[in-house]
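Novice: The primary structure of each chain is shown beneath.
There are 2 protein chains.
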Amino acid sequence: MRAEIIAIGDELTSGRILNTTSNYAAHCLFQAGHEIHAMHTIGDTPELIAELLIQALKRVDVILVTGGLGATDDDLTNEAVSRALARPATLYPEILTRIQEKLGSRGCVSLDKLAWLPQGAELLNPDTPMAGHLLIHDQVPIFFLPGVPSQMHYLMDKRVLPWLAAHEATYPGLNSCQRLYKFFATSEMTINREIQELKLAPEIDVGYYPVGHDVHLSLTLRGHDQDLTLQLFNRACSQVEHHFGQAIYGRDLETLESVVGDLLTRQGLTLALAESCTGGLISSRITTVAGSSTYFLGGVTSYADSMKENCLGIEKELLSRHGAVSPETAAAMAMNIQRISGADLTLSVTGIAGPGGGTLEKPVGTVHMGLMGPTGLNLHQFDFSGDRMEIQAITAQTGLDLLRRHLLELKTVS
Amino acid sequence: MRAEIIAIGDELTSGRILNTTSNYAAHCLFQAGHEIHAMHTIGDTPELIAELLIQALKRVDVILVTGGLGATDDDLTNEAVSRALARPATLYPEILTRIQEKLGSRGCVSLDKLAWLPQGAELLNPDTPMAGHLLIHDQVPIFFLPGVPSQMHYLMDKRVLPWLAAHEATYPGLNSCQRLYKFFATSEMTINREIQELKLAPEIDVGYYPVGHDVHLSLTLRGHDQDLTLQLFNRACSQVEHHFGQAIYGRDLETLESVVGDLLTRQGLTLALAESCTGGLISSRITTVAGSSTYFLGGVTSYADSMKENCLGIEKELLSRHGAVSPETAAAMAMNIQRISGADLTLSVTGIAGPGGGTLEKPVGTVHMGLMGPTGLNLHQFDFSGDRMEIQAITAQTGLDLLRRHLLELKTVS
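Protein chains in written order, with the numbering used here: chain D, 1 to 414; chain R, 1 to 414.
Worth double-checking, as some hints may not be accurate.
Unchecked claim - Computed list of lysine-lysine pairs in DSSO-like fashion (alpha-carbon distance at most 30 Å, straight line):
1) D:K362 <-> D:K316
2) D:K362 <-> R:K102
3) D:K102 <-> R:K362
Hints in this document: simulated from the structure, not taken from any laboratory.
Quantities reported herein were computed from a predicted structural model and do not represent experimental measurements.
Only chain D is shown next, with the shape it has when bound in the complex:
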């Protein structure tokens, strides 16, 4: 089935808000085997909404419209649709009731607008006061979803995808296989050249995407025959995995922090950190993973020298002789957080994220790391470039990748 996604909102066309809902919709539809013909973003302008909707009705089999369904004055989607499709605004008393139940007497009047929908609209979530409805027009289902990401995601998962699955006979999708491989510190061109040498089956669609300091490699295959599609796809995946090995740090939704977490869990090891220039970023990324409390003990963000002394017990003399950004300090940070926390593995990071603080000898981007593990201490020095946030990001990514590679080595040894 071919789909088109229309996102509505002046906040999007003025660039004030990043459109993440269209991305989510595209991802879900693609995974379900549908093809996204195009995604459009337009302002809260009734004429434009009407024009694009009427065009899309002629082009595709399903339409998703997000945004402009709220109760504030700038929400105009329903009015535009009523006019464009000649479906007069109709009062849905059940919506009024829901709103009254939820809010009681508090300012209901201003929410009345939510209860007027284009004639024929079917509520997607009749039990809660959340906007969202389905309109089948000229046999094309048009889903209207809120622009608020959490609500939009909910309705996409719980209503739109199940509806499309239930109507598969009318709106079939292709068998679709896709896998993402994630690389850090390997260039896009290197990956491209090596993929060419692998000579994957020509039906496999290969995509290359630099994402921050990573490269994501995607393999996609879509076909009518389920078994054949899967067989071809799995063969290509094996070729890629066999060739690139540990250069691939993760697949699909895996992140460096989730992969590091898995490795720690499987080896029964604990981790602690001492961060300076990353200011807690590595720690924060590690603790986004559910269950990280089983292997992550914590860390010290020793941003000021006084914290390096008082909290990590690093000697003032060492700091003044070598400076806070030095292999000596990185070593002391890794060893001392090991002693304090008792963790099996510790990582320390000290560097200059900029924009200030650089010198000729130690320019912005100079970073030292110490990795202390069962086999001893390893020190690493880097010379990153970019602005403050880029340097913090690549430092965190590098630190996590060091942990990953070290854990893979430990696994091989044991």
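Please build the complex by placing chain R on the supplied structure of chain D, with the hints as guidance.
Specialist: This is chain R only, laid out in the frame that chain D set:
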């Protein structure tokens, strides 16, 4: 001038990659006084690229196309444009030279593709091997920019916007004023109702945007007369600022962490943190701000109880009597990090981010904070909802807002 933005890439229509470049382009063009008619996202499909480009040429005064300019096999924009606009692919020897200069003999052959552009293309960045060119077709400037955000941003700032400014006589923009006000913990409907009561001038466009746990309120005014536009706009801004006062935490690009940083700087105070359930997120956000080393001393991420004992010196007995998630532990964390760091102000956070770890008495979302300052210790308890990352995010946002409000109070007192 009316603009249309076309983003190209299968990685976008399959939802694998979030389209941030169109957002950036829209933001820049809008700020420069232009109007964004529509933004489109399509796959690497030559026919679609051609169709959309030809349509856009009839509709708008300037077109931005991003993506598909690279050297990997899936980059097809130039070929599509050559065919669509009957401008045969032409060899640009200067591009070849640049590539050879940069890479020497390393794998040049595969990059030759970059040197073939549609006839009439003008290089945007002739001095470095970065894709990007301008084509003026039927008197409409079409800018082709790389899909890689950092390169796209660079060319947007250094080439596209200066070019449009230099050609203002041909492509004039309106005088455009816009301001964003950011609220935390105030509902969209409340803000809407109060804005209605303020009776701003009807020419002012008002937008309401929930962003995570914040609400952003935008005021926009565009007009031909510069003085009049500015006068009307400033009056509306004063009305809003006067009415909402401290409920507004920041304007435009300000964040809670930058506002807290400004307040600390102006009052000459230092800050340290003791985080548990946020795992370093607050610390990480504070250190994204350039210059934060002048007021941020650091912190302890005492994720495990052992870190609370060994690093923060919290007594085992206190932890076992009250639990790690308790007002008593939050108080001890705030006081002990104050003692260790010597900071003027400290914030502690301990809670249950989930998905595991909740009990009947202390369900997931229970969070305690301690704020220790010159005027003593304040304890706060919260009962948040959402998934792990949502709870971490709202906890961090709440902690930063507590700091902001406390610093505003200190300022009033002193």
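Novice: All hints are to be evaluated individually against the structure, with a verdict given for each.
Specialist: Evaluation of the provided hints:
no.	hint	result
1	D:K362 <-> D:K316	holds, 20 Å
2	D:K362 <-> R:K102	holds, 26 Å
3	D:K102 <-> R:K362	holds, 26 Å
Consistency with the previously given hints is maintained throughout, with no hint failing.
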